[in-house]
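Chemist: Residues per chain are reported as follows:
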Amino acid sequence: MATPSRTRESDPVEAAQMQRWLERVRAQDTRALRSLYDLTSARLMSVSAQILKDEAEAADVLQEVYLKVWQQAADYSGVGSVWGWLIVITRNASLDRLRSRQRKREESLDDLDPVDIGEQSHHNAVDSGIERCLEVLNDNARQAIVLSYIYGFSHHEVQQRLERPLGTVKAWIRRGLQELKRCLEA
Amino acid sequence: MSRSLRYSNPDVCDQLAAQYVAGDMTARVRRRMEQLTREHPPLKAAVADWSDRMMPLHNRYPEQAPPANLWRQIEHSLPADREPKAQTAQTRKAGVLTRLLDLFNPGVLWPAVTGGALVALVMITLNLGLVRSPESIGPAYMAPLSWEGDVALVVSGYRRNGDQPAWLSAQWSARLDDRPEGATHLWAETGENREWVYLGAVTPENRRWDLDAEGWQAVMEAHRLLVNDNPGTIQPQLALMEGPCIQLGNWDSTDG
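Just so you know, the sequences run in chain order S and H.
All the letters of the first sequence, read from the start, carry residue numbers 1 to 186 under my numbering.
All the letters of the second sequence, read from the start, carry residue numbers 187 to 442 under my numbering.
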């Protein structure tokens, strides 16, 4: 049974602890990296696996990610959350791996669970602001954003899957992200 | 609009950050973006904002436990000279590996140095011990590999140390705007017969990996290293990158 994931964006105690660990990682404290790993690896594994659709490759990417955290902990300047920083690193590393394999997407849009693409997940016990704002978007923008952000589809791949012109897809994503931002700031 | 003004413009930063965090940038453009975020705090802040904004979407998916041995692999891949140091608020304590990376950091080093001069500079610096601390174990072997006229990748070989087998690290130059696309694989031309021995895959991120006895022997006797796009066959004339081998210290031929 899938483990329900908890919302992390409003846990200041955890956020402060993660910042302290990262400072110690900068000082080359392996135990601090281990603490960070224990807290974050399951979520980052999920982020990578959604893009790569291959657990072994996702684990490989995760190894690269934590090595990068070790080497570049000083790059985190305290702006934004440690979680956000880690997810960006993981997503980009996964995209690099995906593109380097020049893998063609084999799953069709139909193979993806509708709950993955457009509808709100029932795993969350706590309602998330971005989930509410995502629901307000039109279907096209919502699908395009989820395919791009969660699954790492390139604009070209989104265009092929949704069978719309590339310019239209780019516009959906661009405007959709701005509408999300406005909705969250409202 | 000048470059510095462009990346202070909130709208520009916001659009770039949104594309970087949630959209579709090529690997090359993403590397450029990462360099820009180091140089332009408003852009870095915009990326952080977008990352925090989009992050809760991942909560719709269940977490996934990584393989049980993953932490051990990560720990094994950390530089051998790491030691926990006293905490300081602002200072950065760099290991030998990180200090070597600094040699290729445009913010630290000499922008006018050419590839050949850079090799000489690295050799001189290491031999003078300016980078290596007395307690740390530095590389015994180094190969700067050039791509399109610039030193793009530095491969360093570390001899066996106790239980830690011999290992290689492959570090990309931070001065590059882009990198060879597609698969990249490292080979050594080695020995009297100049045979080609496959050493491992090179990833877009810096990485290190252990070498078996054969691999280390190949490194010790290597004339040059080369990167191609194939782990199975080698055609030197189609190499993506190549460079000479530099022995940095004496070692016993039975090491590794």
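By construction, these hints were calculated from the structure, which means they are not laboratory data.
Even glycine gets a Cβ: it sits at the ideal position worked out from N, Cα and C.
There may be inaccurate statements among the hints.
List time: in silico SDA-like cross-link candidates among lysine to any residue, alpha-carbon distance up to 20 angstroms [said to hold, decoys possible]: (1) S/Lys-170 <-> S/Arg-101; (2) S/Lys-53 <-> S/Gly-129; (3) S/Lys-53 <-> H/Leu-243; (4) S/Lys-170 <-> H/Met-211; (5) S/Lys-68 <-> S/Pro-12; (6) S/Lys-53 <-> H/Gly-348; (7) S/Lys-181 <-> H/Ala-254; (8) S/Lys-68 <-> H/Leu-243.
Derived list of chain H stretches under chain S, where covered just means 3 residues or more per stretch with a C-beta under 8 angstroms from a C-beta of chain S [stated by the list, open to error]: (9) 240-250; (10) 343-350; (11) 402-412.
Chemist: Can you list which hints this structure breaks, lowest number first?
Modeler: 1, 2, 5, 6, 7, 8, 10 and 11
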